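Residue numbers (my numbering), protein chains in the order written: chain D, 7 to 312; chain C, 18 to 292.
Do not rely on the hints blindly, as some may be mistaken.
Said to hold, decoys possible - Cβ-Cβ distance ranges computed for the label pairs, FRET-style:
1. D:THR274 - C:ASP190: 50 to 56 Å
2. D:GLY270 - C:PRO275: 25 to 31 Å
3. C:SER265 - D:GLU252: 45 to 51 Å
The set of hints was computed from the structure by calculation and includes no laboratory data.
All of these numbers come straight from a predicted model, not from anything done at the bench.
For glycine and all other residues, C-beta sits at the position ideal for the given N, C-alpha and C.
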Amino acid sequence: MGLQPHRNKVVDLAAAIADVRDGAMIALGGGLSARLPMAAVREVIRQGRRDLHLVGSAHSIDVDLLVAAEAVHRCEESYVGFEQDLGLAPAYRRAAETGTIEVAESCCVTILAQLRATEMGLPFLPVRGVRGSDIRRLHPEYGEVTCPFTGEVLVAVPALKPDVALLHAPLGDRYGNLHLEQPYVLDERFASASMRVVATVERLVSTEDVAASGVTIPAHLVAAVTEVPFGAHPASCYPDYAYDREHLSGYVKAAQSGGEDLAGYLKTYVYGVADEREYRDLIGSERLAELGRWPESTVDWKGLFQ
Amino acid sequence: MKFTVDEWFVVLLARTIRPAETVFHGFGSPCAQVAMHVARRTHARDITLIEGAMYAVNPDPPFIPPTSNDASLKRGAAYSMRFEEFFDAAIRGDVDRMFLSGGQIDGYGNTNVTAVGPLERPKVKLGGGGGGCNLAATIPHLSLWSSRHRSGRALVESCDFITDMGHRTPSGDRAELGFTGGGPQWMVTELGVFDFPDGHARLTHHFPDVTVEEIRAATGFELRVAGDLRTVQPPSGAELSALRAVDSLGVRRGEFAPKELDRVFDHDPAVGCAC
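Build out the structure end to end from the sequences listed, making use of the hints.
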């Protein structure tokens, strides 16, 4: 793998994604409604990638949209959905039920152990759970190992080395130093276990500025960095903006209805915009500003979710 | 003062938490999430509350948002764990209690959040288990809940798919599987409360507006009933006001079938505070 050399890694989004190959194993940063790498996801779809193997913990519109665009072959997340609030992930659900994707549902702890094995240069790590769960049946690649010291039998999970990690951060510098806000989810682990890290950032700033905020992921783990304001929309990227529940709700409705409605969403928000500047224009500066107004008062913050 | 079944339900879940415990809820679990905050504001003020999906330690959120990793959920927390820091604590046994639910739950407390119907061609692909299939092995106490008991589809004889392990699976019991955690301890539903003596669910309490026969009819596994079956203890004024302050958006209500929310009860001011 090798650490990344210290050089200017700023590229535009299209160039950053051009290196993602069909069939690649892609680690998606963030989770649920927070810091999903949506600009990168939209670009992957625009560039027509196919047969992707997605890995991650708990995800929502990022995975669902890639599945809706028929870009995915295998899903290996611990959860895909819109929580209690907006319910099941419609495109993912449909694809799983009709057998057009391979569902390799996993577990947060297992994926963590698999990434750590890669980070440590080990072929596997043991986990205590999974036995007795039917999740085991979804993973013929898992094995069993007997502890040489205690005799305990544990499930052995193989090292997982994604080809690309797509991460979104509020701040970064041109070398790829990234500052994240909690929850970091698996981003740090993805950064050190993946072959290549492509980062989108809300703002490119000086190294001094990103260091002052705190470097969460260092430049030597990052291959490419690109500035994309609102690059997580409709997910949140605090402290800049909250998630866009109204937009997500609209997406879920379109995806539930499927057919022309879902095609319409993809056409409007992905294929029909040449780049993320056009995407932001489409969402509208007024709406985007609204999502950033959460710190003004609890009433404003809460109002976004009503 | 009146209160509704969702409020009573959350208070019963809150009471499964003991003082000084370290407790955690998974994402997309508003009832469990609100219950943890109610416990922390009433009878269990010294718990270590780990907010699911934010991993914030003892936050005081201004409201509970409809998503589990909004920044509002770390307000007031001096510290947020890293993802791996939380999961490490949980798998080594330092997280005392976790809340789990499922589209299906069987009598041994196995839960299914993966798929209804055959795995190869599921009838319904559910969201998935998060960290459950490892955490269920190691966390000392599990509090289960179902807000859809009455549907007849939630408490089943056997799960179509076991995502998270209860007291016994077709592969063996917890000792045989080498698990270090104790498994399900309580299960709260909108009809009653169960414990798990001998590793199988047993009805210990029922809501006053529900009969045992109704519960039996809604339960897919053999209904075992405690000899001293009683009605669930009513919520105190302190518990109700804590709950209303915590969940001003009412996210907990989304877990219930709309007609359940018509179940309204009169509060008896003589009921003492549980704290």
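Each hint tested on the structure:
A C-beta distance of roughly 53 Å is found between THR274 of chain D and ASP190 of chain C, which places it inside the suggested range of 50 to 56 Å. Here the CB-CB span from GLY270 of chain D to PRO275 of chain C is close to 30 Å, well matched to the stated 25 to 31 Å. Taking 45 to 51 Å as the suggested C-beta distance range, the pair SER265 of chain C and GLU252 of chain D does not conform, at roughly 20 Å.
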